[in-house]
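Peer 1: Starting from the known structure of chain C, fit chain L onto it as the hints suggest.
Just so you know, the sequences run in chain order C and L. According to our numbering, the first sequence is numbered sequentially starting from 1. According to our numbering, the second sequence is numbered sequentially starting from 1001.
Hints in this document: simulated from the structure, not taken from any laboratory. Don't take each hint at face value.
Footprint (simulated), chain C over chain L, 3 or more residues, beta carbon under 8 Å [to be verified]:
#1 1084 to 1092
#2 1102 to 1110
Distance windows between CB atoms, simulated [said to hold, decoys possible]:
#3 L:D1138 - C:A282: 51 to 59 Å
#4 C:A637 - L:A1077: 50 to 58 Å
#5 C:R24 - L:D1138: 42 to 50 Å
#6 C:V357 - L:E1078: 54 to 62 Å
#7 C:R406 - L:T1063: 49 to 57 Å
#8 C:R24 - L:E1129: 47 to 55 Å
#9 C:A282 - L:G1018: 33 to 41 Å
Predicted model only: the values in this text are computed from it and were never measured. Yeah, the Cβ is synthetic: ideal placement off N, Cα and C, and Gly gets one too.
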Amino acid sequence: MSAHEERAANQGSGPDPGRASWARDLAMGLRFAVGGGREGWIRTALTAVGVGLGVVLLLGAASIPHILESRQARGDARVAVNGDRPVKRSSATLRYADAGTSFHGDPVRGALLRPDGPDAPAPPGVHELPHHGEMVVSPALKELLASPEGTLLRERLRFKAVGTIAEPGLAGPGELAYYAVSDRLAGEDGSFRIAGFGSRIPPRELPPTLLVLIIVACVVLLMPVALFIATAVRFGGERRDRRLAALRLIGADRRTVRRTAAGEALFGAVCGLLLGTVLFLAVRQGIGSVTVWDVNAFPGDVTPSPALAALVAVAVPLCAVGVTLVALRGVVIEPLGVVRSGAGRRRRVWWRLPLPVAGIALLLANGQVGTGGGTVDPYLIAGGAVLVLLGAVTLLPWAVEAVVGRFRGGPVPWQLATRRLQLSSGPAARAVSGITVAVAGAIALQLFFSAIQGDFMKVTGQDPHRAQQDVTLPSHDVATIREMVARFRTTKGVRGVIATIESTASRPGPVRRGEDFPPSTQVTVGDCASLGELAHTGPCKDGDVFVVKDSTGMVDTGYLFKTARPGARVLLNQDIRTGKPDGAPRTWTVPRTARVVGSRKDPSGQTAFGIFATPGALDTAALADPRARAMVRTDPAVADAAEYVRNTAARIDPLMDVRTLQNLERDKQFGSVRTGLLVASTATLALIAAGMLVTTLEQLRERRRLLSVLVAFGTRRATLGWSVLWQTAVPVALGLALALAAGAGLGLALLRTAGKDIFDWSVIWPMVGGGAGLVAVVTLLSLPPLWRLMRPDGLRTE
Amino acid sequence: MIPAGSLLHAVALHKAYGRTPALDGADFSLHPGEVVAVMGPSGSGKSTLLHCLAGIIAPDSGTVRYGDRELTAMSDAERSALRRADFGFVFQFGQLVPELTALENVALPLRLNGTRRRDAERQAREWLERLEVDTVADRRPGEVSGGQGQRVAVARALAGRPRVVFADEPTGALDSLNGERVMSLLTDAARDTRAAVVLVTHEARVAAYSDREVVVRDGIAREGVAAV
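For reference, chain L alone in the conformation it holds in the complex:
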C-alpha cells in the first residue's frame, strides 16, 4: 500500500553483499519537502538503503517507486538521468572533485544536466553565497576547511534544485559547531526549495533536524520517534 502523496516509496527491499545481508525487507516512504533521518548503528544497512532509494544500486528484490515511476524497473541510463535531474547528494567527506574549484564543483551537476557553463556558474555562485562560502569560490577543495568543503558539497547538492536530497553522514567528518551549521543550512535551504531530504546519520543531534526518523537495524527499517 503506497501512502497517499508519497514522493519516494520503497517496499520489501532486500540487498546482500556476497553472503552478508545489508537490507532484509526494508520499507521506506518520503513525502515532498519532508526531511527524514535514517538512523542506525554502523553496518545496519542505512547507507545501502540510501543507495537503493537513490537508484545508485539496484536491490536484489523489492521495489522503489519515485512518483509514478518504478526505479527498480528502469535501466542504468534512465536512473542516471533521473539522478542528474531530480536528485542531489551530500557525502560524509564532501567528495568534491579535487581538481575543480568550489564554484566549478557546485556548477558540475547543472552542467552534467545540460545547463550552459555561464548560467551554471551564475547559479552556483548564488548557492555559494546562500551557504556563506562565496569567498572560497575560486579555491580547490584541498585549499578549504572541512566545514567550508561540506557547505560547498551542500550547495552542489542543492544547485540543481533537486526534488530529493540524499545526505549520507553529512556531518560525520565535522566538529559539532560546523556540523550544526551545515545541518542548519542544508535543512533550511531544502525547505526553502521544497526539496525532500533523506538524511543518513547515526547522531541523534543531527537527526534532530529531521521531521521524522526511520531506524534501520539488521537490514529492516522501522518508523522511529518524531524528532520535531
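Bound conformation, chain C alone:
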C-alpha cells in the first residue's frame, strides 16, 4: 500500500485521536468478542482458558509469602521450649516430651503431656487436654488410623483418640500429629516442664546461595507462565485478523482495527482473569486434600499478597493489550480481506544478542556470595536471569528463521515442514519459547544445585546396608536391657540386632603424678556378631576379650593401654564425680589371652575402642551405670519391617528414640527449596505442555482446508504426520540448543556468583531430554486430531 493510500485509509474513518475513540474502538472489540458468533466465542474461550490457567499459577505464586508466614506462625505457636531455668510446678504447668515417630516414611509429630493441675495449658488447636491414656489427633492422622493402612500405626499409638487438633495447631491439613496424655512422664525420661506453648523462633536467615537459587527459580518458573499468557492472548489470531479485514473493507483505519483487536484481547484477558480467579478459589478449597512432593496447605494459607494480586489483575489485561498490538505490527490487514505477514522483513540479531550478554554482566556485577556470607542484590540477580532467558526467547525466532532459511530439498514431509517454517517461523518459535525458557532455566538451576548441594548435604558416615535402625534403650538395668534386646530380636522382619552394653573401666588405685583423674576407657559387652560390627575381631567365641585400638588415630594407644591391656586389672565401678569406687570396689582382670585389634566404624558411623568382652568373659551385672544400644538389621523382603521395629520400641517405651540410618543428611532449608522447585516446575511444565498442545491444534485447524486438499491428492497420512513432526522438531531442536547455551551461560554465571567452579555437565542432559520428551508427548497427542482433520470434510465448502 502506498503512502497516499495509507493516508487515505487512515483518514477514511475520520479517527478521533482522543480517549473517546480509544474507548469506542475497544468497545467494538468487546462486542466482537461477545457477539462474534461461534468462532468469536471459541477464540474468547481459548484465550480465557489459557489466561485463566496462567492466572491460577500467578495467584498461586503470589500466595507463597502468606503460606510461608502462616506455617511459620503456627509452628512458633506450638513450640514447647525447654528453657535454661526449670519451670516451677504449679496447677498451670505440664510436663512435655517429644514422642514423634515416622510411618511409611511420613513424619508423625507427637508429644506426650502430663498436666500438673487443672489449669495446665493446652497446645494450639486443642480445645481441652485429654485424660490419661487418651490423645487428640490431627484429621489426617485420624483418617490414617481409621483406615486399613493405619493398622500398624494403631498398634504403636495405643491411646484412645478423643478429639481432633484444629487448624491453629497444624502445619498443614495433611500433617500427621497427636498429643497424648500420660501420667507416667517423669523427670528422667527426657520430658520437661513448661508453663505454656509458643515461642518466637527467629527464622533462620537464608544463606546467600540459597537466596540466589530462590530468586532465579522464581524467574525461571514465572517466565514460562508469562509467555504462556502471551501465547494464550494470540490464540485464534489468524481468524481474528480475517474478521478485522472485513472491518477495513467498510472503512476502518489501521488504528481502529488495532484498537478493536486490543478490545477483543482485553475482553478475553479479563474473562481469563475472572476464570482464573474462580479456578484459583476452587483449587484453593480443595488444596488441603492434595499433597504434592510432601507439601500441602490450608485453604486459608493460600491467600495472595494483596499487592501481588493487584499486580496480576493489572498486568494481565495490560499484557494482553500489549501483546496484541505488538502482534498486529507483524501483519498487514487490508480491506480485501488479505492478511499477509508484514513485508517479509528479515529478523535482526543485533538487538537480540546484547540481552543475554547484559544479563550475564548483571549477574557477574553482583560479586561473589557463599554460604558463609556475601551480599545478594535481588534486583541484579533477578534482572540478570530475566535478561538471559529473555535473550534466549528473542534469539529463538531469529535462529529459526536463519537456520530454516538454509534448508533446501529433502523428502516431501521435510520439504513441507521446512517451507512452512520458512514462510512463517514466528508461530513455531512462539510455540517452543516456553519450553526453551523452562529448559534453559532448569539447566541453570540444576548446574547451580549440583554445585552448591555439597554445602547443604552432610555425609553422616552411617552405613544403612549393615543396619537400618539405631535404637537407644532407655534403661540402665542389665536384665531389662537384655529383655528389650530379646524383644527386638523376635520382632517380625528383624534379621539381627547388633546389641551392646557399655560402661566405663578405669585403672584402680590413686591418681598418679601428672594425672588429674585416673585413666579410663570404655567397656563394651556384646556377642561375637555384635562386637564384629564394631571392631576387627577376627575369629571369636563366647568368653573372648579384645583390646580395641582406635583406628581413626584420634585416641592415643599409649593412653588406652594405661587401662586396657591384656592382663591389666580394671575398676568397673568408679564414680566419675569423685574418682573413687562407688561402693565396694568391683575389679576385673583383662585376660592375658585378650587380643589387641583395631576398631571398625559401626553402622551408625561411630567408632568405639577400649575393652570389648563377650558375655562369657565379663558378667554385665558387674558394670556400673550400663548404657545400651541396639542397631537393628531388617529383612528387605518384609515390607513393614521398620514399622514393626518402631512398634516394638513403642511397646517398650513410647519415648524410645528410633533413628533410621542414612548415609546422607540434607539441610532442611535446602530440602524445602528443592521440594518447592519440584512442585512449581511440575505445574509450569504442565502449563507449557497445555499451551503447546493448544497452539499445535490451532495451527492444524487453520490448515484444515489445505489438509483436505492434500488428502484429495492421495497424500499419505504418514507424509503429513512426519511433516507435522518435523515442523515441531526443527524449532524444538533449535530451541533446546539455545536453551542449552543460555542455561549453561546462566548456570556458569550463577556458579561464579557462588564462587563455585564445579561444572557437572551430566545434569544438563536430563533437562534437555525432558524438554524433548515433553514435545514428543505433545506431538503424539496432536496426531489423533491431525488424523481427524485429514478427512475430506474440509472440502465440503468448495
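Peer 2: Chain L in isolation, oriented as in the chain C frame:
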C-alpha cells in the same frame, strides 16, 4: 448396465450429511478423454458427486467403478494410491500449498507418487511453461495473482499425467477473462494428454468447454444438453 468403454461409472449413489441428503440415487459415466460438465445450483450435490467419483469420500450406498476396479470396495489407502497415480484435482481457490513455490506445488503430486525431486521439478517446469506461468515458478501462492494461481493449480493437476482431472468450480474465483483463459488451457491440455475431465460448475459459460453436460438437482444427476 455399464456403458461400453466408460472409464468412470457411478450407479445409484446416495450420500447424506447428517439428515440432509446430498446425493439421492445419482448415476454418472465418463469416457476416456471426455470433458463432462456437472452443473446445478448451489447445494444441489454436484461437489459431493465429484468427491464420490474421485474416491475422496465414500457414498452411503451405490457403486463407483473406475475401469475394472470398484472404488467403493477399495480401502482408504488404495483409494489414496489411485488418486495419486491416476487423478488430478483443481479447486475453486487453487488451494495451492502456501509455503511451497509454484514450481514445488506443481511437482508435489509427482513427488508424492515417488518421482525424484529433480525429475519432478523438470516436468513441473514444462507444465508451467505450457500454462504460461513459468515466470512465477519461484514465487509462493501469496505472491501471484488469482489467475496465475489457478493456472498453477491446473498445471499441478495435469503434471502427473492423470487419466481423470476433477475440477471443482475452477473459475469460481476468477474474472471472466481469466476464467476463460484457465478453461481454455485446462481443456486443451487435457485433450492433448487424453485426460478425461469432470468439471463441476454452475456457469454455462464454463460448461460450454465440455463435451457433455450432466445436471444435478436435488441429489439426482440427469443427462443435460450437449454443449459442443
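Peer 1: Compare the structure with each hint and give your call.
Peer 2: Tested hints:
Note: the stretch 1084 to 1092 of chain L has 6 residues with beta-carbon separation from chain C under 8 Å; the three-residue rule is met and the coverage holds. For a cut-off of 8 Å, the count of residues in the stretch 1102 to 1110 of chain L with a CB near a CB of chain C stands at 3, and the three-residue condition holds. In this structure, D1138 (chain L) and A282 (chain C) meet the distance hint of 51 to 59 Å, their C-beta atoms being roughly 56 Å apart. Look at A637 (chain C) against A1077 (chain L): about 54 Å separates their beta carbons, and that is inside 50 to 58 Å.
Distance hint check for R24 (chain C) and D1138 (chain L): the Cβ-Cβ separation is about 45 Å, which falls inside the suggested range of 42 to 50 Å. Hint check: V357 (chain C) to E1078 (chain L), Cβ distance near 59 Å, so the stated range 54 to 62 Å holds. R406 (chain C) and T1063 (chain L) have their C-beta atoms about 51 Å apart, which keeps the hinted 49 to 57 Å range intact. The beta-carbon spacing between R24 (chain C) and E1129 (chain L), approximately 54 Å, falls within the hinted interval of 47 to 55 Å.
For A282 (chain C) paired with G1018 (chain L), a C-beta distance near 37 Å keeps the hint of 33 to 41 Å intact.
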